[in-house]
Each structure stands twice: as structure tokens, then as C-alpha cells.
Amino acid sequence: MRALGYALGLPAVLVAAWWVASDGSTNVFLPPLRTIVEAFRDVWFSGTFVSDVVPSLWRLAAGYAVALAAGVTLGFVIGRWAVPRALTGPLLAYFRVLPAPVLIPVLLVAVGIGDATKLVVITVGAVWPILLNTADGVRAADEVGLETAAAYRLPRRTRHLLVLRGASPQIFAGARQALGLSIILMVVSEMLMSTDGLGFTVVQFQRSFAIPQMWSGVLLIGLLGFGLAKLFELVERRALRWHRGHTGQLTERR
Amino acid sequence: GGDDEPAAASADGLTTVRLASSPLGHLAPIYLAQERGIFAKHGLKVEVDTETSDLTSVPAVLAGKVDFATGDLTTLIVARSKGLDVKAVVPASASTGKEGADYGALVVKGDSGITSAKQLEGKTISVNILTNIAAAAAREAVRADGGDPTKVKLVEIPFPQAPAAVSTGRVDGAWVVEPFLSAAKAQGAVPVGWGFTDLAPDLTVSAWYAAGSYTSKNAKTVTAFRDAVREAYAYAREHEDEVRAKIPTFTEIKPEVAAKITLTGLRDEVSRQAAEKLAGYAQRDGLITSTPDLDELILK
Amino acid sequence: MGLAGAATAYEILARLFFEPAHVPPLSAVVPEALRLLTGERFWTATGRTLSAVAVGLVIAVVAGILAGFALGSVPQVRRATSSTLDFLRPVPSIVLIPVLVLVLDVRQITVLLVAVSCFWIVVFQVLYGLRDVDRVAVDTARAFRLGRLARTVHVTWPTVLPYLGTALRLIVSVALALALTGGLVMGAAGLGEMIWSSQESGESTGMYALVLLTGGLGIGLDQLARLAERRLLHWHVATRREAVA
Amino acid sequence: MTSLLEIAGVGKTYRARERTVEVLTAVDLSVSEGEFVALVGPSGCGKTTLLKIVAGLLPATTGQVRFDGRPVTEPPAGLGVVFQEYGRSLYAWKTVRQNVELPLRHLGLSRARRRELVADALDALDAVGLGAAGDAYPWQLSGGMQQRVAIARAVAYRPRLLLMDEPFSAVDAQTRADLEDLVAALWKRYGMTIVLVTHDIDEAVYLSQRVVVLGTGVSGVQADIPVDLPADREQIGTRSSAPFGELRTRVWTQVRRTPDGEPHARRTPESEMA
Amino acid sequence: MTSLLEIAGVGKTYRARERTVEVLTAVDLSVSEGEFVALVGPSGCGKTTLLKIVAGLLPATTGQVRFDGRPVTEPPAGLGVVFQEYGRSLYAWKTVRQNVELPLRHLGLSRARRRELVADALDALDAVGLGAAGDAYPWQLSGGMQQRVAIARAVAYRPRLLLMDEPFSAVDAQTRADLEDLVAALWKRYGMTIVLVTHDIDEAVYLSQRVVVLGTGVSGVQADIPVDLPADREQIGTRSSAPFGELRTRVWTQVRRTPDGEPHARRTPESEMA
Ligand SMILES: Nc1ncnc2c1ncn2[C@@H]1O[C@H](COP(=O)(O)OP(=O)(O)OP(=O)(O)O)[C@@H](O)[C@H]1O
Ligand SMILES: Nc1ncnc2c1ncn2[C@@H]1O[C@H](COP(=O)(O)OP(=O)(O)OP(=O)(O)O)[C@@H](O)[C@H]1O
Ligand SMILES: [Mg+2]
Ligand SMILES: [Mg+2]
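Sequence lines, in order, name chains A, B, C, D and E. Heads up: the first sequence is residues 1 to 254, going by my numbering. Heads up: the second sequence is residues 1 to 300, going by my numbering. Heads up: the third sequence is residues 1 to 245, going by my numbering. Heads up: the fourth sequence is residues 1 to 274, going by my numbering. Heads up: the fifth sequence is residues 1 to 274, going by my numbering.
In case anyone wonders, no lab produced these hints; they're calculated from the structure. Hints are not guaranteed to be accurate.
[Stated by the list, open to error] Pulled a few chain A residues facing chain B out of the computed Cβ check, cut under 10 Å: (1) Asn27; (2) Val28; (3) Val83; (4) Leu87; (5) Ile104; (6) Leu108; (7) Gly112; (8) Ile113; (9) Phe200; (10) Gln204; (11) Phe209; (12) Ile211.
Since the structure is predicted, the reported quantities are computational estimates derived from the model, not experimental observations. The C-beta atom is built at its ideal place from N, Cα and C for all residues, glycine as well.
Please construct the entire structure, taking both the sequences and the accompanying hints into account.
Structure below.
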């Protein structure tokens, strides 16, 4: 009950403020919230949801999953061994700065214009926080933990898993960053070379000056982000319970 | 500015007008005119702001941050029908009116077996943006060839990538404009349709537009601007070599490329008939629900 | 070394699978890049881009750290704002550009894009870093009655620092990428706009040369970030281990 | 002597999804100003828990702790603590000297006084045999050295109440004896109140004025044994005296006699590891 | 008995920006198969360092360690270790039972044998008095309990060579005695080789067949004292016997007599804390 109050309190205030402040707005680019809400109903409860949101969600899920797998794997390799780290350092720094619009020409030729390109855009953009956090988390693995595993001659695989588990608080930090990013990237990837999807729809609204509809799309993106964040937290709470225990957050304190 | 007439008279008695446009070929006549003193002759001083894009120009014009900007005709029609107070003043680029020698065309891969636009029925064609005039032009090329324009699938690929998309077979056809038309041809693509001329021989592709409120408050300045631009076009028509020489100075186009590409057409009037046609298409494609009043859109 | 390998791989791939007009080989790109380096235009553009990056980064880091600590240290604030933050986080600023244009110019918007995106990264890294603070370390400080501020400076901050180090390396590249995006989608003067212009002019060699140079810039910024991190974190396990290796 | 510390009916239950443990029930204990109390009891009986409650770091489930007459809700002023987890209580990002000086810098004292205290801190490091390691970082030290840093930190702080949780567990016999004497000397000189948790019954008797035995299982105070040895004690003489031997046996018996049988390791290994 | 462990001329220098410490120089020591050796020495003299070198976890700066005739470059098979930092050597995300079972699951054994070993692990937990805490997480345990988990893990593994670094430092006297007897019984039963680092000289003498004293400063082996007590020892009887007393005094004298004077805490606190 209290949690609900906390979750809805500020949003309620903000929405009310927005509603009141915008109600008399005549600026086409800042329509009244009332109009946006009406547009929301018209746009997203009319089948567009299935035709646009579902493909987007699928791209998002796939892109995020690939980013997660690739980020953790590469991050682990880079964090664990100095040689790959030294070899890839500048190269990764190079690729990190390439924004999606620069990648697209190459992707177009190499991958084509289907969903694959969008997946690549999402993955390539979202992989970095996961990769860097994993690498740093792995590098910071506790020495005594490592020595224990080595002394008992635990097999490589087990040792790697132990290191990953120890780094999981920081890996989750990366995954959380990547979640927000991949929603953005989903939208961005659909802005270029797309024929459906949430981002595509929003951009079409924007370009055809359907401003209330565009705002309704922004709302939907926000809601999507909120929902996914909650889902993420659920997973994280379970996976990192030990960490909260270890750092004393489960013990009541003064 | 734009609140009082005369707008912003500077010390030398000239009124400053701020133009927003991406650094594209259609600016060449403007720059030439500026150098030749044509704007000054009309009592104007132009400042060109190239830090702009399709995304930002309409709000910038409506908010009074710039006085004139360029926009393609379909976009302006859509904006108008959504109640945005934009007014097309004078064309910025237009069809050359010569079928087979226009600056935009529908191209296919040379060895694809497709020889006419009609054959693209049921196939995929790329355009740079789905909601602007390119989509209309691509469809129109198919229609003019006797095909069903609603049966082509349009996808969005920016012009720079279109030649590659065609030559690697990612799309069956692509609507491209210069310099990519030349580039595509150089990579073995062949034109099969000329959508601009099909739409109208005097088609206005993009226009300089202003906010309606600005045009009513600064009628003199607007007229002066239009006259100056028309004079600029007249000069440019006479001095094509100068235009070609100008282009590489503000774009990344190489002089040898600029010497060969087809230049955009230069026209004095925003074509009303074409606008009606485009409005109809925009409605067909679901971009708008009602045709705007074209008298409101196009400055007399 | 890694770069040399990558360059060779690129050259081979580009020659094998792509037409020079689409993806030019390095042997064509490098001379073009050198030509650019001698021109003034490139340096002006770089200056513009870097200034947007710098301003955006400073805003993001300062605001992000303050917000992160405020959210992380006061549970009520965190709980009250988390739903709102989760809602706002994924909204792509690009969608809002037409609205922003009403009040800001494109350069300011570019700075804002950089600042907002980096801000989120910093905030979340700080929040996760704060969770890593050790109970015994805090208890020690509390037992000796170190105040909130002193605890933050001496205990919390050093614990969060490694997370911020990661954030720093992330945001320098994100900032650069977004400054480029500002040029690409809004025409804000700078390297992004130059890349856009090369694309629009069909100059793919020039565009790849710019991308190459921009990547070089990215490497430079990354090295700076690493240097800063090594200085600040010399006591950290990761750095210690590095020194041994 | 007035009662500085009043522990009344303190109970503690740790609740978690996996297991709920009732650790302490109704612990009653009062410590006078200037007293030296040793707290002993089997491993896991709740000594650390009690110490943390006294320090105001952990809320009691039942009962109350009063320090100087006021209920403890946060760490009271003038408290020094040596934690059992000494390694985690040192800051890896600070040198040994900085670790020791940290609490002193935040006492809100005059400049001169602060300088004096910092000098004290260095002396304290010297006194624990770490004068030369001042610029080292904690992770460059051996376990015993780290533990001594934690002791030096608490001691340099000159607390009114010093809580020490097995502070000498990681040092060798000789160093341990020296540290014991150091603490005893400081106690006498500054009249501080000390509560020392230790597993070494000899040490408890040697140092304290009173040995409190915590029982196991759900435990309260099981025995409270006054140590009536002369105030001036000395490692060899005192430890070999007859009264010392008697006291130590008394404490020993108490620690063994737990209310619900022996707490653990009650079976012989032979029978178990078969 | 053949020599299982050969430590020849081992030296170690830690190098860092802030300080470089030469910890060991030319340590020579050989341990026979089945032997029980206790390693004592002042805090910071390099016992942990030596143990880690022997375990193949830390490279020696000079010299070599041979296990079973082969040079040690990585941890040899059949090694069990109880680390001084027991808390950090337990995995916080695994329960007590999972921590104990972890090494057993990877021995590449038959199913039946594995089940047997896992049962052993549980027995080991019982034996250290933690049978009930199997499902708890390490952070829910007291310091002494965590230490016992680490011991149970090493013991359940049935190593050929068991290295223990102050394994009983955090438990009470009673538990300590029980654990000592547990280790002694296992040693006898399985014929393992044990190297035990301890600060408790009595414990060293009580358990081992040989007490090796490491000196301080730049240190090598300072003394190597055979413990010629009968094989069957018993907490009260053995410890009160006359030979025990003598041995303990001998070791004590060696630990105090360090090559370059006493290592630390040599000044009286009075003179220092003024
Ligand atoms: N954070 C915690 N969560 C749950 N249970 C805990 C926690 N801390 C301690 N306990 C439990 O409380 C009991 C007492 O722990 P405590 O640390 O107070 O013992 P102790 O007397 O200090 O033991 P030792 O001598 O081994 O240090 C133990 O059974 C332990 O499992
Ligand atoms: N990682 C390290 N870096 C630098 N110096 C170290 C490191 N580890 C240990 N030392 C130094 O090596 C010396 C010996 O340390 P070691 O841990 O081996 O001592 P120890 O005999 O085990 O002491 P204790 O009985 O206190 O555990 C100490 O002076 C310590 O400062
Ligand atoms: Mg304890
Ligand atoms: Mg040690």
C-alpha cells in the first residue's frame, strides 16, 4: 500500500501539474495533455498496438538479449585477462563513439534492411555499459575468493562462474543502464529504414506534424520503460539478495 | 524579428532576413545572389543558418527563430493541414521539367531485368523519407507507367545509402536525387521512371516558406525576398557554370562531380496544380485527413 | 597492436566483400584523413564538437553525482522518484527535438542531448555504487560519529568511485557519439554535420575518413578517462592487479 | 562509581527468509564508569550482536540500552570500537596513518588539539609496532598488522567507552601480551570504560575487573564474576598467581556449563567422520 | 617417510610504488608425507606469505617449492587451505552447505563417491557444530561460525596436504579445543600432511610433531623444534605434562629471540602515549 503510494505519488502530482499547465495551450508543439490522452486512446487502442508495439518489443528483447550475452562474454574475457584487454582497449574505444546513424550505411550493405539491422543497432549501442561494467566487475574480483577457487583446483568453468557471480552486482548495473539505452536505441533504429514499430510510428507522427499522437507515443515509450524497469528489478532483487545481505542491507540497522 | 515592419533594419538601411537550410545544392543561387548584391538591391541582407534540419526547421520558423526555411511541398501541405501556419513563398528546388534529364529518378539495378517502372509493382522501392514528396514521386513514376502505385512497398533508406541498397539488391528500386542519381548510375543503376516530371512538369519540389503571421506582418520584406530570389534564379539560369563552381564551396561535393550532375530546376512560382495533386496523394497515403486550403499555403 | 590487426582485417573484408564506392578500403581512407587533418575546416569542427562534449559532460557529471547521491542516500527520495525516473529514462531525446527547438538553439540542444544521456548513466552508476558500500565500513564511521558529510567523503565516495570510473569511460564515448548525432540529425556545426554533409554529397571516402578521425578522438578521450581513473583508483583491487600484471 | 552503561532486558532476533534466529533474550548488565569488563561466551552466542547494540549500530528487538542515562539510539559521543571484522573496518583507500587519523579529524576540535591528537595517533601506531608502516595501505599488511591498526585507531581516539571485539585474535603471543599491557595502561591513565570481547579466558581475567559470561542457545548473562586481583598486574607474575588460577577455572567452568547442553562440537570427530 | 614438501631458498619481496618489503629470505624447510608441522612467528613475519607460496598461489621471488618432487607453479592436486581471511574465502552467494560442497563437486568422482563426500561435508559441518546452520548464508553467521565453515570445507575435502592459516583464531576456547581434537583425529585417520600457522604456542606444541619458528625482520627459519610427545595426546593430560611445559618454553624463547631485536611493541606504553 505504502509502496504504491510512493510509486504513484510523484507521477500523480506531475501529471496533474502538466494537465493544468497545458490545458489552455495553443502551441501546436505542446498540446494540452487532455488532447494527448485522447490521442493515446485513439492511436494505441486501435490495433496499432499489435502491429507496431509487438514488433518493437520483439526487436528490443532480441537486441537486449544479444547485448547481454555479448557484453557479459566479452566483458568477462577483457576483465579477466590482460592480453585481450590490451589488444582490444583502443579498438573498443573506437567503436564506442560511432553513433547509430554512422553505423547504418555499413550495416545496410552488410546486413540489409530487415530486422537484423535494427537488432545490430540495439545490440551495438546497448552492449557497452554491460561490457565495461562486466569487465570492471570481473577485474575487481575478490582476491581471497579467487585464491580459494584456485587452491581447491576448481575447474575453469566453475571459477569463471564464481568470478561472474561475484561481479554480478556490477553486471546488473550495466544491464540496468543497457535496458534504458536499448529502448532508446529501439526507437532510434526504427527511425531509420523501418516500416513498422513504435519508433517508426512516433517518427511518422512527428514528421507529419501529428503532435498529440507523437506525444502519446512518448508516453507509451515511458510506460514501456517503467514496466520493463519493474520487471528488471524483480529479477535483480532475487539475483542480488546475497549482495544485499553481504553489504548489510538486509539486517535492520539504526 | 518579424514583429514590426520594417523587420530589422540595420545601419546600412538593409533589412536582415534569416534563412535556414541544410547546406544543399539549392543554396547555390542564394549565395551567388548574395555575392552579386542582388539581395542588397532589394533592400535585404541575408543570413544563412545551415545548422538546421528537416526536424527543426518548421518549429524554428513558427517560433520566429528564423524567417524563411526550405521544406518539401508534401511536408508543407501536411503541416498546413495539421493547422501549422506555414506559407510557401517561392520555390527552392523544382523539377527541371525534362523527362529523362531531371535531377531525381527512380532507378533499378542494371542487370535486374526490370526495364520499366510498371514492373516494380509488388516490389520494394526505397525513398529517403516516407512522409515527404519522395514517396509521392516514387509512386507517381509507377502510376505514370501504367502500374498500380498502391502495390509498391516503400521502405525508408536515406539517399546516401540508396545506391548501395540498389546495387546490392537490398531493394528492387530506389528513388534518388542528385548527386546520388549520378552515383547510382555510375554503379550500374538505370533510371526507369521520372516521378517529378510525372507529377508536374513545373513541379515545386521544395519551397522557401515562412510563418503566416510573419508574411502578413512583413509583407514588404517577404515580397522583396521573393523578388530577390527570382532575380537570383534568373541569374543562375544564365550562369550555370557559376552555380556548379559554387556548390563545392559549401558542400562536400567534389568539383568534378558538381560539374556533371543535373542541377535542380529553378522556377519562380510554387506550382499550385502539383500541390493539389500532392495533397490528394497525402490523403490517399493517410498522412492527412483533409485537404488544406492551398490558398492559405501558397503566398500569392 | 590490436588496432593494427583490426585495420588489416578491415582492409581485407572491405576489399573482399564490399564495393569501394560503398565501403572504401583503408588505403583510400587514410590519405583522405590526412588531407582533412591539414585543413582548417576539420579542426574548427572538432573544436565545436569537443566543446559540446566538454560542456555536456561537466553538466552530466556534476548533476548526475549530486542526483545519484541524493537518491541513493535518502531512501524516501529514492522511493518517491523511482517510478518517475524509470518512466523518463527511456524517452529518446531525439523525439523531443522539435519541441526543444522552440526554446533552444541547435547547439544548446546538442549540449542538452549529451548532458541528459550522460546524466542518466552517471545517476545509475552512482546508485549501484552506493549499494556496494560495506556495512562494516559504514558502521566504523558511524561509531566514530563521523557526520553524514564526512561519511560521504571518506566512505561512500571512495566506494562509488570505481563505479564512476566505469561511468566515466562510458560517458566520454556516449558524449562524443551524441555530439555527432546532434550534427547528423539537426545539422549542428561540428564533426557530425561534416559527416552528414559528406554523406549527402555522396563522398563516402570522405565520410569514412571522418569516421576514422572521430574514432581516433574517441580513443584519445578514452585514454584521458583511463588516466583519470588510474590516478583516482590506485588503491583499488583492479588497479593493483594491473600493476602486477 | 556511577553506572555508565545500562543494558536492560535486551533481546535480539534476526529475521530473514531463510532462517530466524533468536540470539539474545533479556540481557541485563550494567557497567560503571571507568570499569573494565570482559565479555566471554561460546562462538555464535551473540557477543558481537550485543556489542553492536550497545554501540547503537543495531536496534535491539526488546529492551533498552542506556548510556550515561540516555537511551542509545545512535552511537553515543566518546565511543571507540574495534570491530571483529577488522579487515573490513579499515578503509582500503586510505593509508594506515590516514585510517588512524580519520576519526580525530572530525571531532570538531581546535587546531592545536587536533595536532596533538594526530601526534598521538602516530604514537599509537608506534606503540603497536607499526610506526614504519604508516604509509602502507591496509591491503599491504598482514592480518595481525591490520588488526593492530584498528586498535591504534580506537586507542588514539581516547574514547570514553571503548568496545573491543576480539581485538587480539590475529597477533602472536608476544605482541598480544604487549597490546594487553598497552590497553591496560591506557585504561588506567585515562580512566576510560572498556568492554572487551575475548575468547581467551586468561586474557579476560588478566585484564578485567569483571568477567561476564554469555550463555549459548537463547542466551542472557550466565555468570558475572568479579576479578578481585590487585590493580597492578603483570604478565608473568599475575598469571602464575594462585588467585588467578582459581578465577580462570571459575570462568572456564561457567563457559562450559551452558543452559541447554554444550552448543556444538559435542560429538567426537571419530564418531562423526566415519 | 619421504619428503612431500621441499621449500628451498624461498625469498619474497613485495614491490609497490609506496613501499617495497623484503619479507622472506632463503627459507629452507622440508615436510615429510604424513607430518604435522606447526609454523609460528611474530605477526607480519611472513607466515601467510610462505603458505601462499607453498600453495602455488603466489610466486616466490627467489628459490623454489617442490611438492611430491615437482616444482609448484600452481596449486597442486590434493591441497586444502583454510585462509586467514576466512570471511572473504567464503562465497557470499552460496549457503554454508554449498560452500562446503563446492570443492567436492569437482573432483571428477563417481556418483556414489560424490554422494558419500557430500554426506561427509554435512558431517563435517555437524562436527564443527554448524549442522543447523547449513542453509544460512555466510553473512548470517558470526565470525567464529564463518571460520568453522572454512575449516569444514577444507576437512571435508580430505586433502593430502592441508594448509591452515590461524584457523582457530575466532572461536572460543572450548570450541577451539574440540576443533583441535577434530583435526588431530582426521590427521591420524587419513594420514594427511598438515602445516598449521598459529599464534598459540600451546596449540602448536599440542598438535604438531614439529614446530618451525619463523624469525622477524628479513626472516628465514629461526628454529625447528621436534615435538617428542607421545602420539596419543589429550587436552588436559598432555597440556599439563612436564615435557609439554618444557617444549612450550623452548618455543616461546625462540619466538622472542628474533635476529634483529624484538620486532615491535618493544617500548612500554607509558613512555609512548605521553
Ligand atoms: N546479519 C545477521 N543475520 C542473521 N543472523 C545473524 C546475523 N549476524 C549474526 N547472526 C546470528 O546471530 C548469532 C550470534 O552472532 P554473533 O556474531 O553475535 O556471535 P558472537 O558471539 O560474536 O560469535 P563469535 O564469537 O563467533 O564472533 C549467530 O547465530 C549468527 O548466526
Ligand atoms: N599484498 C601485499 N603487498 C605488499 N606487502 C605485503 C602484501 N602482503 C603482505 N605484505 C607484507 O608482507 C609482510 C608479511 O605478511 P604476512 O601476511 O605474510 O605476515 P604473517 O606472518 O602472516 O602475519 P600475521 O601473523 O599478522 O598474519 C608484512 O610486512 C606485510 O606488510
Ligand atoms: Mg563475534
Ligand atoms: Mg598471516
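Check: Which earlier hints can't be squared with this structure?
Finding: Per hint list: 3 and 4 violated.
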